[in-house]
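Numbering-wise, this note's numbering comes out as the position in the sequence shown, counting from 1, plus 145.
Fair warning: there could be bad hints in the mix.
[What the hints assert, rightly or not] Derived lysine-lysine pairs resembling DSSO-like cross-links, with alpha carbons at most 27 Å apart:
id, residue 1, residue 2
1, Lys337, Lys411
2, Lys337, Lys392
3, Lys302, Lys291
4, Lys212, Lys290
5, Lys291, Lys353
6, Lys407, Lys392
7, Lys290, Lys337
8, Lys377, Lys337
9, Lys412, Lys463
10, Lys337, Lys353
11, Lys412, Lys291
12, Lys392, Lys377
13, Lys411, Lys463
14, Lys290, Lys302
15, Lys407, Lys353
16, Lys353, Lys377
17, Lys212, Lys185
18, Lys337, Lys412
19, Lys411, Lys392
20, Lys412, Lys377
21, Lys291, Lys212
22, Lys290, Lys411
23, Lys353, Lys412
24, Lys412, Lys290
25, Lys291, Lys411
26, Lys162, Lys290
27, Lys463, Lys337
28, Lys302, Lys392
29, Lys185, Lys148
30, Lys412, Lys392
31, Lys411, Lys377
32, Lys412, Lys212
33, Lys148, Lys162
34, Lys302, Lys337
35, Lys407, Lys377
36, Lys353, Lys290
37, Lys377, Lys291
38, Lys392, Lys290
39, Lys302, Lys377
Note that these hints are calculated values from the structure, not bench results.
What you are looking at is a predicted structure, and each value in this text was computed from that prediction instead of being measured.
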Amino acid sequence: MEKLRECVEHVERNTLKSTRDALRNIYEIATTVDSGTIEKYLREVSHPSSRYLLSLFLSCAYINEGKYAEALELSQRTLREMENVNTRALDGVIAGLWSTVRIAGNITDANTLRDYLVGLSANREYQNVESITVLVNNILMYLRKKDMYDEAYTFLKHVELPETADVGQAAVFYYLSSVVYLMAGEYSLGEKMVNLATVKSTDSEFTKECRKVHVLVSLHQGRHPNRAYFQKNPGLEVYQRVLLSIKSCSLEVFCREVEEIKEELKKDGLYQAVVRLEAAVQKEHVRRIGVVYTRISLASVGGMLGVSEESAAFLLQKAIEEGAISGYINRETREYLSLEKKPEIRTGLKIGEMLSIANNLTMLKKHEPIKKKSLEEMQTEMSYSEYQI
Numbered sequence: 146m147e148k149l150r151e152c153v154e155h156v157e158r159n160t161l162k163s164t165r166d167a168l169r170n171i172y173e174i175a176t177t178v179d180s181g182t183i184e185k186y187l188r189e190v191s192h193p194s195s196r197y198l199l200s201l202f203l204s205c206a207y208i209n210e211g212k213y214a215e216a217l218e219l220s221q222r223t224l225r226e227m228e229n230v231n232t233r234a235l236d237g238v239i240a241g242l243w244s245t246v247r248i249a250g251n252i253t254d255a256n257t258l259r260d261y262l263v264g265l266s267a268n269r270e271y272q273n274v275e276s277i278t279v280l281v282n283n284i285l286m287y288l289r290k291k292d293m294y295d296e297a298y299t300f301l302k303h304v305e306l307p308e309t310a311d312v313g314q315a316a317v318f319y320y321l322s323s324v325v326y327l328m329a330g331e332y333s334l335g336e337k338m339v340n341l342a343t344v345k346s347t348d349s350e351f352t353k354e355c356r357k358v359h360v361l362v363s364l365h366q367g368r369h370p371n372r373a374y375f376q377k378n379p380g381l382e383v384y385q386r387v388l389l390s391i392k393s394c395s396l397e398v399f400c401r402e403v404e405e406i407k408e409e410l411k412k413d414g415l416y417q418a419v420v421r422l423e424a425a426v427q428k429e430h431v432r433r434i435g436v437v438y439t440r441i442s443l444a445s446v447g448g449m450l451g452v453s454e455e456s457a458a459f460l461l462q463k464a465i466e467e468g469a470i471s472g473y474i475n476r477e478t479r480e481y482l483s484l485e486k487k488p489e490i491r492t493g494l495k496i497g498e499m500l501s502i503a504n505n506l507t508m509l510k511k512h513e514p515i516k517k518k519s520l521e522e523m524q525t526e527m528s529y530s531e532y533q534i
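Given these sequences and hints, build the entire structure.
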């Protein structure tokens, strides 16, 4: 109770800093003080800022006690009461109330999208940075939950995160943006966003979620993380299985593997992004054909891929344009010809190497120890010399 009183004293000073001080113990209060105690205290105070703060604490206590409908109703009612008040100093309280709306709304499956959009417009007017950031993330989370990725993509094109946004909230924004861009097929943008999210992450579990998206945007761009990447970042075993199924170059193997891990992928909200990797299996097969064969007919390539000759030519040309293989298609002979450089087989030494070896042998010979001749060897040499004379 004493901490509740301290928080009320802080918020009544009506500054951004004092509001932040008032919210410092929000988690402790929500988990240790029961809703009945906060309700009683709320009836005793009359200052508007104190009432808004205590309403936030009460909503959090309701959520802690599993009273989600009560938490949602109280948060929405309090936000409506604050609509005609200059709320710049209460930015943190508003952001907290919108967070309780999201938590309670998700569990009760309430349609809160319109409230988020209206709230975002109002808080932009007062330049409430914390509330704007929370609302942008709330909107993206809502659209993602409903699989409304087209709407989320359009929303991202018309919204910017405040420059002074909280680091944690910014990390969430970049992560959600990366998922939206992944689903929209904007893989390079998705990679950029997930890298920003990873850099700003301060939580290992959140970082792991970012790594999952990073693996998928890499696979969609034809880049395969190596084994060391998965060893360095544990918890990505499911996504390593996806990679190995792509490397099998078999759609049957890929589909079977994805079906086995389907529930885990759905839990991560990334199942549809993995399903669309069927094209990556075909790309990997084309790449291997282009690397292994220096010359092969389009009909043979089509037979290997299980497609028509025209489709084989299209897939090969696309792989050439993307830089996956180096070669060209001869339209007259209907063949693919590789331009990959083969390692040279050396049959002898170069002149420079031969001269270097000769110089080394000369130096070694020059420094050989002089062998002392025995008396018998000297007499033999003298006799041979006399014989020659």
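Each hint tested on the structure:
{"no.": "1", "hint": "Lys337 with Lys411", "verdict": "holds (23 Å)"}
{"no.": "2", "hint": "Lys337 with Lys392", "verdict": "holds (25 Å)"}
{"no.": "3", "hint": "Lys302 with Lys291", "verdict": "holds (19 Å)"}
{"no.": "4", "hint": "Lys212 with Lys290", "verdict": "holds (22 Å)"}
{"no.": "5", "hint": "Lys291 with Lys353", "verdict": "holds (23 Å)"}
{"no.": "6", "hint": "Lys407 with Lys392", "verdict": "holds (19 Å)"}
{"no.": "7", "hint": "Lys290 with Lys337", "verdict": "holds (22 Å)"}
{"no.": "8", "hint": "Lys377 with Lys337", "verdict": "holds (21 Å)"}
{"no.": "9", "hint": "Lys412 with Lys463", "verdict": "violated (34 Å)"}
{"no.": "10", "hint": "Lys337 with Lys353", "verdict": "holds (16 Å)"}
{"no.": "11", "hint": "Lys412 with Lys291", "verdict": "holds (14 Å)"}
{"no.": "12", "hint": "Lys392 with Lys377", "verdict": "holds (21 Å)"}
{"no.": "13", "hint": "Lys411 with Lys463", "verdict": "violated (31 Å)"}
{"no.": "14", "hint": "Lys290 with Lys302", "verdict": "holds (19 Å)"}
{"no.": "15", "hint": "Lys407 with Lys353", "verdict": "holds (19 Å)"}
{"no.": "16", "hint": "Lys353 with Lys377", "verdict": "holds (11 Å)"}
{"no.": "17", "hint": "Lys212 with Lys185", "verdict": "holds (17 Å)"}
{"no.": "18", "hint": "Lys337 with Lys412", "verdict": "holds (24 Å)"}
{"no.": "19", "hint": "Lys411 with Lys392", "verdict": "holds (22 Å)"}
{"no.": "20", "hint": "Lys412 with Lys377", "verdict": "holds (23 Å)"}
{"no.": "21", "hint": "Lys291 with Lys212", "verdict": "holds (23 Å)"}
{"no.": "22", "hint": "Lys290 with Lys411", "verdict": "holds (11 Å)"}
{"no.": "23", "hint": "Lys353 with Lys412", "verdict": "holds (14 Å)"}
{"no.": "24", "hint": "Lys412 with Lys290", "verdict": "holds (11 Å)"}
{"no.": "25", "hint": "Lys291 with Lys411", "verdict": "holds (13 Å)"}
{"no.": "26", "hint": "Lys162 with Lys290", "verdict": "violated (34 Å)"}
{"no.": "27", "hint": "Lys463 with Lys337", "verdict": "holds (24 Å)"}
{"no.": "28", "hint": "Lys302 with Lys392", "verdict": "violated (35 Å)"}
{"no.": "29", "hint": "Lys185 with Lys148", "verdict": "holds (15 Å)"}
{"no.": "30", "hint": "Lys412 with Lys392", "verdict": "holds (24 Å)"}
{"no.": "31", "hint": "Lys411 with Lys377", "verdict": "holds (24 Å)"}
{"no.": "32", "hint": "Lys412 with Lys212", "verdict": "holds (25 Å)"}
{"no.": "33", "hint": "Lys148 with Lys162", "verdict": "holds (17 Å)"}
{"no.": "34", "hint": "Lys302 with Lys337", "verdict": "holds (15 Å)"}
{"no.": "35", "hint": "Lys407 with Lys377", "verdict": "holds (24 Å)"}
{"no.": "36", "hint": "Lys353 with Lys290", "verdict": "holds (20 Å)"}
{"no.": "37", "hint": "Lys377 with Lys291", "verdict": "violated (33 Å)"}
{"no.": "38", "hint": "Lys392 with Lys290", "verdict": "violated (31 Å)"}
{"no.": "39", "hint": "Lys302 with Lys377", "verdict": "violated (34 Å)"}
The structure shown violates the earlier hints numbered 9, 13, 26, 28, 37, 38 and 39.
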